[in-house]
Amino acid sequence: MSAILDLLPPLPALFGQILIGLINGSFYAMLSLGLAVIFGLLNIVNFAHGAQYMLGGLCAYILLKYFGVGYWPALLIAPVVVGAFGVLLERLFLRPLYRLDHLYGMLLTFGVALVMEGLVRNQYGSTGNPYPEPPSLAGAWNLGFMYLPVYRAWVIIASLGVCLATWYVIERTRLGAYLRAATENPKLTRAFGINVPRMVMLTYGGGVALAALAGVMAAPIYQVTAQMGSEIIIVVFAVVVIGGMGSIIGAIVSGFVLGLVEGLTKVFYPEASTTVVFIIMAIVLLVRPAGLFGAATRTTAAGESHATAASGLRLSPPTVRNVTIALIATGVLAPWVVYPVFLMKVLCFALFACAFNLLLGYVGLLSFGHAAFYGGASYITAHAVKMWGFDPLLGILAGVLAAGILGLVFGWLAIRRQGIYFAMITLALAQMVYFSAVQAEFTHNDEGIQAVPRGHLLGLVDLGNALNMYYFVFAVFLLGFWLIHRIIDSPFGGVLKAVRENEPRAISLGYDTDHYKLVAFVLSALLSGMAGALDALVFQLASLTNVHWTMSGHAILMTILGGVGTLAGPIVGALIVAGMENYLATLGAWVTVIDGAIFIVCVMMFRRGIVGEAAVLLRKVRLKRKTEPVLAPSTKGATS
Amino acid sequence: MPDADVLDVRDLCAWYGDSQSLHGASFNVRQGEVVTLLGRNGAGKTTTLRAIMGIVERRSGSVCYDGRECIALSSDRIARAGIAYCPEERGIYASLDVEENLLLPPVVAPGGMTISEIYELFPNLQERRRSQGSKLSGGEQQMLAIARILRTGAKLLLLDEPTEGLAPIIVELIGRVIQNLKARGLTILLVEQNARFAATVADRHYIIENGRVADMIAAQEFDERSEKLSAYLGV
Ligand SMILES: Nc1ncnc2c1ncn2[C@@H]1O[C@H](COP(=O)(O)OP(=O)(O)OP(=O)(O)O)[C@@H](O)[C@H]1O
Ligand SMILES: [Mg+2]
Chain A
1 MSAILDLLPP
11 LPALFGQILI
21 GLINGSFYAM
31 LSLGLAVIFG
41 LLNIVNFAHG
51 AQYMLGGLCA
61 YILLKYFGVG
71 YWPALLIAPV
81 VVGAFGVLLE
91 RLFLRPLYRL
101 DHLYGMLLTF
111 GVALVMEGLV
121 RNQYGSTGNP
131 YPEPPSLAGA
141 WNLGFMYLPV
151 YRAWVIIASL
161 GVCLATWYVI
171 ERTRLGAYLR
181 AATENPKLTR
191 AFGINVPRMV
201 MLTYGGGVAL
211 AALAGVMAAP
221 IYQVTAQMGS
231 EIIIVVFAVV
241 VIGGMGSIIG
251 AIVSGFVLGL
261 VEGLTKVFYP
271 EASTTVVFII
281 MAIVLLVRPA
291 GLFGAATRTT
301 AAGESHATAA
311 SGLRLSPPTV
321 RNVTIALIAT
331 GVLAPWVVYP
341 VFLMKVLCFA
351 LFACAFNLLL
361 GYVGLLSFGH
371 AAFYGGASYI
381 TAHAVKMWGF
391 DPLLGILAGV
401 LAAGILGLVF
411 GWLAIRRQGI
421 YFAMITLALA
431 QMVYFSAVQA
441 EFTHNDEGIQ
451 AVPRGHLLGL
461 VDLGNALNMY
471 YFVFAVFLLG
481 FWLIHRIIDS
491 PFGGVLKAVR
501 ENEPRAISLG
511 YDTDHYKLVA
521 FVLSALLSGM
531 AGALDALVFQ
541 LASLTNVHWT
551 MSGHAILMTI
561 LGGVGTLAGP
571 IVGALIVAGM
581 ENYLATLGAW
591 VTVIDGAIFI
601 VCVMMFRRGI
611 VGEAAVLLRK
621 VRLKRKTEPV
631 LAPSTKGATS
Chain B
1 MPDADVLDVR
11 DLCAWYGDSQ
21 SLHGASFNVR
31 QGEVVTLLGR
41 NGAGKTTTLR
51 AIMGIVERRS
61 GSVCYDGREC
71 IALSSDRIAR
81 AGIAYCPEER
91 GIYASLDVEE
101 NLLLPPVVAP
111 GGMTISEIYE
121 LFPNLQERRR
131 SQGSKLSGGE
141 QQMLAIARIL
151 RTGAKLLLLD
161 EPTEGLAPII
171 VELIGRVIQN
181 LKARGLTILL
191 VEQNARFAAT
201 VADRHYIIEN
211 GRVADMIAAQ
221 EFDERSEKLS
231 AYLGV
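Each protein sequence line maps, in turn, to chains A and B. Residue 488 in the numbering used here sits at position 488 of the first sequence; the count goes up by one each step and never skips. Residue 2 in the numbering used here sits at position 2 of the second sequence; the count goes up by one each step and never skips.
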């Protein structure tokens with residue numbers, strides 16, 4: 001008996017962690033609840049939810065610091081202000097996107113999140129701004145076995161109350177019936193005389209207000225930082241995948257339970273406490289892909305996840321040849337004009353973006369987790385070369401293989417779901433890799449693996465020489481680029497495009513589409529790994545930056561900026577993004593703001609990207625030149 | 001003014017994406033009338049009702065309700081103007097129970113039925129008032145779909161095949177409900193496959209063919225022109 005008791009941690013520590021778990025769970029629950037409500041009605045994943053939570057906390061901080069307005073009024077004012085901001089966002093930016101693929105809503109809100117986080121970091125720095133507990137809730141109760149701080153008890157009870165009240169409104173009131181009706185069949189509901197667009201707008205505002213409320217409640221516990229939102233939102237995505245998106249109760253219960261599980265993990269196996277939620281997510285995906293409370297039907301509507309691709313863009317063989325020739329010529333000459341290290345960075349990014357584009361542009365899958373392959377490979381290559389003395393080629397091979405294995409696992413789990421779920425799952429899995437990298441010994445945490453030797457290629461060519469290294473990187477890039485082109489052009493690529501255009505039809509034609517998607521995913525991971533491995537050699541460093549979710553964001557940004565589903569688009573995108581990182585580095589957080597703004601502009605009015613728009617323009621010009629003499633009297637050709 | 005047009009439809013066109021399904025339908029419905037739209041499958045009857053309600057992607061022409069042009073209004077404004085719609089697919093909300101479904105459409109004008117009058121008319125619904133919408137039989141769903149719009153006080157009802165797939169006894173009940181509504185002074189535009197049923201309730205019949213009105217048959221001519229009608233309907 002006493003032997004068993006000895007195994008248990010001391011009771012105060014246990015209760016302390018349970019308390020922390022419940023607190024975290026309170027915030028998970030409130031945030032995933034808002035996400036679920038918004039998703040139900042608007043069908044978008046509100047990526048800005050974390051940033052709006054942060055804005056809530058910030059709003060409270062500003063109210064106190066500059067206006068002397070305390071906690072209790074802030075509890076009301078912050079949600080109203082941030083909610084009003086949400087209403088504006090819905091009206092101006094989200095509404096035009098509803099007829100498009102849901103992924104666009106996710107990308108837009110991702111951009112909004114970047115802009116807000118960047119702006120706040122600019123203004124308030126990334127260190128925490130402390131916010132005092134309200135005096136009326138100061139102190140702690142002595143429960144005998146532990147001290148319970150009053151404020152923490154309040155947070156748990158208040159958030160439980162808010163969650164239950166929200167549940168009640170939605171499930172038991174007239175307003176909730178309108179909401180459920182509009183969620184189920186918006187057109188018919190509108191034809192009954194209910195102003196559904198206004199309801200959608202207010203619901204988004206309400207969900208956002210809920211996030212802001214959570215932010216105010218969190219301020220005295222976690223401090224207010226620019227990144228508090230992006231830190232929590234990825235865990236909340238995992239919670240949502242576990243609970244199942246459609247369900248209100250599911251969001252609440254899984255929020256609290258997962259917070260608790262996290263707390264308990266901290267007691268019994270602290271190493272896993274940051275990853276346990278993601279591991280549970282993986283298990284749930286294997287056992288019940290729709291989530292514990294989810295109904296599978298509505299969420300996996302097929303044929304929804306492909307509109308991102310720039311359809312209708314057929315590149316003629318001469319174009320491909322011209323692009324390739326121009327590419328090689330530029331690549332060979334460039335180091336004589338531009339600083340080679342910068343060029344190598346462009347090439348690494350370009351290969352990464354091309355690999356990403358293989359998946360998004362040709363299979364229609366939006367992964368938010370490609371940083372894991374890029375960063376993962378760069379760690380493995382750096383370690384292999386530095387610690388095991390691998391030859392550079394062998395080191396790259398090791399990195400690529402590691403990325404491929406990761407890709408196999410990610411893909412195997414994630415292709416069970418589509419569209420936005422796929423995006424959230426890949427993001428969560430990549431976050432797991434990130435946390436593992438933070439904890440593992442060999443990655444050296446914040447310092448990273450430094451002074452990675454570039455070595456001699458085949459024992460002959462000294463890669464320490466910048467030009468040698470450059471031409472080596474360029475050759476590897478060309479190899480990757482050529483491989484991608486071959487994949488797209490092969491019969492296999494043809495099937496991928498069929499999957500993108502109409503998955504149900506591809507299935508009915510007898511293709512095992514999951515198998516094809518998995519192979520494409522692994523190929524994309526391998527090639528991303530190749531880019532990451534090169535990165536480690538070029539900069540002689542493998543660091544957390546490369547596995548951070550912002551790197552996944554970069555892959556998406558480069559691809560949609562350059563042009564999804566175009567051959568040269570990702571390269572153009574890479575050039576711009578790498579250029580911004582290099583030359584605007586002094587602007588600090590403004591780069592994040594610009595990144596976010598580019599996302600917003602691309603999604604709102606530039607969905608084909610630079611190369612895609614240019615191609616359309618070019619074709620129009622050509623068409624006009626060809627047809628003008630014939631169709632001169634009629635205007636039909638010009639308008640269609 | 002018993003002969004005033006409640007609904008006047010002129011050159012109504014409607015599109016689903018790029019394909020046009022209505023090609024200039026014109027007809028009218030007078031105050032207190034029951035008018036049916038008859039036609040083969042795919043003729044455009046449902047689309048006509050949807051175009052009147054404003055729930056097609058694109059439409060053109062003119063829809064005048066009560067002397068007011070509605071072609072540019074959104075469907076919620078059209079509903080609030082006093083037109084209620086019972087769709088062919090019934091549109092019962094699975095996530096709402098029977099009573100929530102009944103109470104969903106907002107009251108747009110006085111003079112609608114009360115909930116107890118509705119339950120009197122459809123006792124089945126009262127028995128099942130706490131059942132989830134998804135748990136109803138086809139007949140119950142159809143009753144609920146009609147019952148749902150009786151509360152709103154709308155003066156013009158658009159009913160799309162209310163008797164489809166129902167047992168004869170329920171069809172009879174629905175026939176009585178329609179007579180009852182007519183007696184209350186409501187105006188009804190009814191889409192029907194069942195010409196015999198249509199004949200028992202309607203004042204006039206429009207034949208829809210290829211997205212246009214091909215012919216009009218008044219109730220008193222129904223028997224003498226039944227051969228022509230059979231030709232139209234292909235039966
Ligand atoms: N959602 C839609 N998208 C595209 N075309 C449609 C759609 N709904 C109907 N159509 C087309 O519009 C035409 C008219 O259809 P409609 O549903 O109005 O016919 P209907 O007369 O109601 O037929 P039924 O008696 O079978 O109900 C048909 O050719 C149909 O194929
Ligand atoms: Mg029909």
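Keep in mind that the hints were calculated from the coordinates and are not lab data. Hints may be right or wrong, so weigh each one.
Unchecked claim - To spell it out: a stretch of chain B is covered by chain A in this simulated footprint if at least three of its residues, at any positions, have a beta carbon under 8 Å from a beta carbon of chain A; those stretches are: (1) 46–59; (2) 65–76; (3) 89–101.
We treat Cβ as the ideally placed atom computed from N, Cα and C, and that holds for glycine.
Tested hints:
Counting residues of the stretch 46–59 of chain B whose beta carbon lies closer than 8 Å to any beta carbon of chain A gives 3, which reaches the threshold of three, so the coverage claim holds. Judged by the Cβ-Cβ criterion of 8 Å, the stretch 65–76 of chain B is covered by chain A as claimed, because 3 of its residues qualify and three suffice. By the rule of at least three residues with a Cβ nearer than 8 Å to a Cβ of chain A, the coverage given for the stretch 89–101 of chain B holds, with 6 such residues.
Consistency with the previously given hints is maintained throughout, with no hint failing.
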